[in-house]
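*Asks:* Listed here are the chains, written in short residue letters.
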Amino acid sequence: KQEVTQIPAALSVPEGENLVLNCSFTDSAIYNLQWFRQDPGKGLTSLLLIQSSQREQTSGRLNASLDKSSGRSTLYIAASQPGDSATYLCAQGNTGFQKLVFGTGTRLLVSP
Amino acid sequence: EPEVTQTPSHQVTQMGQEVILRCVPISNHLYFYWYRQILGQKVEFLVSFYNNEISEKSEIFDDQFSVERPDGSNFTLKIRSTKLEDSAMYFCANRAGPTQYFGPGTRLTVL
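Protein chains in written order, with this note's numbering: chain A, 1 to 112; chain B, 1 to 111.
Derived by calculation from the structure, the hints in this document are not laboratory data. Ideal Cβ positions, reconstructed from N, Cα and C, are used throughout, including at glycine. Keep in mind that the hints are not guaranteed to be accurate.
[To be verified] Dumping the calculated BS3-like pairs for lysine-lysine here, alpha-carbon to alpha-carbon at most 30 Å:
id, chain 1, residue 1, chain 2, residue 2
1, B, Lys57, A, Lys1
2, A, Lys68, B, Lys78
3, B, Lys83, B, Lys42
4, B, Lys42, A, Lys42
5, A, Lys68, B, Lys83
[Unchecked claim] Simulated coverage check for chain B against chain A, where a stretch passes if three residues somewhere in it have a Cβ under 8 Å from a Cβ of chain A:
id, stretch
6, 63-72
7, 101-107
[Unchecked claim] Label pairs and their in silico Cβ distance ranges:
id, chain 1, residue 1, chain 2, residue 2, range
8, A, Val20, B, Asp71, 41 to 47 Å
9, B, Glu59, A, Gln81, 20 to 26 Å
10, A, Ser111, B, Arg69, 25 to 31 Å
11, B, Glu59, A, Thr5, 31 to 37 Å
12, A, Ala79, B, Gln17, 20 to 26 Å
13, A, Thr74, B, Pro98, 18 to 24 Å
14, A, Val20, B, Ile38, 25 to 31 Å
15, B, Pro98, A, Val20, 19 to 25 Å
16, B, Gln14, A, Gly96, 24 to 30 Å
17, A, Pro82, B, Asn52, 44 to 50 Å
18, A, Arg61, B, Gln17, 22 to 28 Å
19, B, Ser9, A, Arg55, 35 to 41 Å
20, B, Ser27, A, Thr45, 29 to 35 Å
21, A, Thr45, B, Ile38, 19 to 25 Å
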């Protein structure tokens, strides 16, 4: 059965720190990996998508990497800000119609 | 970023009642999905829909669930006879290329 796991489950850092969120997947038939942000009681905002043929993607202070051979993706957040506080979800998209399989998320708190 | 909208934002219903959740997708994004998230749990795939038919469904998506595009634009999820365990946040998602865009969700509460 396909599994996506995220560690740590929760992370608390002071403002300005660089941090890394981890995502592991078990299915080698990965087509892409998408990172989302979810604020409490809200929907999912797409942050970055990495295709299986790519190694990394960058958007502003965010950088996501993908290593298919080890079944891992990381989301790097540079110079964290209190506004980054949210739950971060990774999701594996497979070939075909590309349903997403989600991890449990990492809850991030950035304190001023 | 392209926007998917969903109505209602919150639906409260009695067990055994039928509910219809609505989604207005992004224009020209032809792949549709429904996901749900029970409080404190993972987001789970329910169903994908393309070219006016279901392309894939999960084991959660049993005979009580159905999807359709009644007017060629809106996309709906119907639950025929709601159970307490159907209480969750339901998300519609939509894509044209590889990125799935999610709506804000409908919080369904079954009493």
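*Asks:* The structure should be examined with respect to each hint, and the outcome stated for every one.
*Replies:* We went through each hint and held it up to the structure:
1. Only pairs whose Cα atoms come within 30 Å are accepted, and Lys57/B paired with Lys1/A is accepted, the gap being roughly 15 Å.
2. Straight-line distance between C-alpha atoms of Lys68/A and Lys78/B comes to about 37 Å, which puts the hinted pair past the 30 Å bound.
3. Distance check on the hinted pair: Lys83/B and Lys42/B sit about 19 Å apart at the alpha-carbon level, within 30 Å; holds.
4. Distance hint between Lys42/B and Lys42/A is fulfilled; the C-alpha atoms sit about 14 Å from each other, no more than 30 Å.
5. A threshold of 30 Å between alpha carbons decides the hint, and for Lys68/A with Lys83/B the separation of about 40 Å lies outside it, so the pair is violated.
6. With 0 residues having a beta carbon nearer than 8 Å to a beta carbon of chain A, the stretch 63-72 of chain B misses the requirement of three or more and the stated coverage is violated.
7. Counting residues of the stretch 101-107 of chain B whose beta carbon lies closer than 8 Å to any beta carbon of chain A gives 6, which meets the minimum of three for the stated coverage.
8. Restraint check, Val20/A to Asp71/B: a C-beta distance of roughly 46 Å satisfies the suggested window 41 to 47 Å.
9. Here the CB-CB span from Glu59/B to Gln81/A is close to 41 Å, at odds with the stated 20 to 26 Å.
10. Judged by the Cβ atoms, the range 25 to 31 Å given for Ser111/A and Arg69/B is violated: they are separated by roughly 46 Å.
11. The supplied range of 31 to 37 Å is broken by Glu59/B and Thr5/A, whose beta-carbon atoms lie about 21 Å from each other.
12. Checking the proposed 20 to 26 Å range against Ala79/A and Gln17/B shows it is violated: the Cβ atoms sit about 50 Å from each other.
13. Restraint check, Thr74/A to Pro98/B: a C-beta distance of roughly 19 Å satisfies the suggested window 18 to 24 Å.
14. Under the hint 25 to 31 Å, the C-beta atoms of Val20/A and Ile38/B, about 28 Å apart, fit the expected range.
15. For the hinted restraint 19 to 25 Å between Pro98/B and Val20/A, the CB-CB distance of approximately 24 Å keeps it satisfied.
16. The hinted range of 24 to 30 Å is not satisfied by Gln14/B and Gly96/A, whose Cβ atoms lie roughly 38 Å apart.
17. A hinted range of 44 to 50 Å holds for the C-beta pair Pro82/A and Asn52/B, which are about 45 Å apart.
18. In this structure the hint that Arg61/A and Gln17/B lie 22 to 28 Å apart at CB is violated, the actual value being about 46 Å.
19. In this structure, Ser9/B and Arg55/A meet the distance hint of 35 to 41 Å, their C-beta atoms being roughly 39 Å apart.
20. At roughly 20 Å, the beta carbons of Ser27/B and Thr45/A sit outside the given window of 29 to 35 Å.
21. Distance hint check for Thr45/A and Ile38/B: the Cβ-Cβ separation is about 20 Å, which falls inside the suggested range of 19 to 25 Å.
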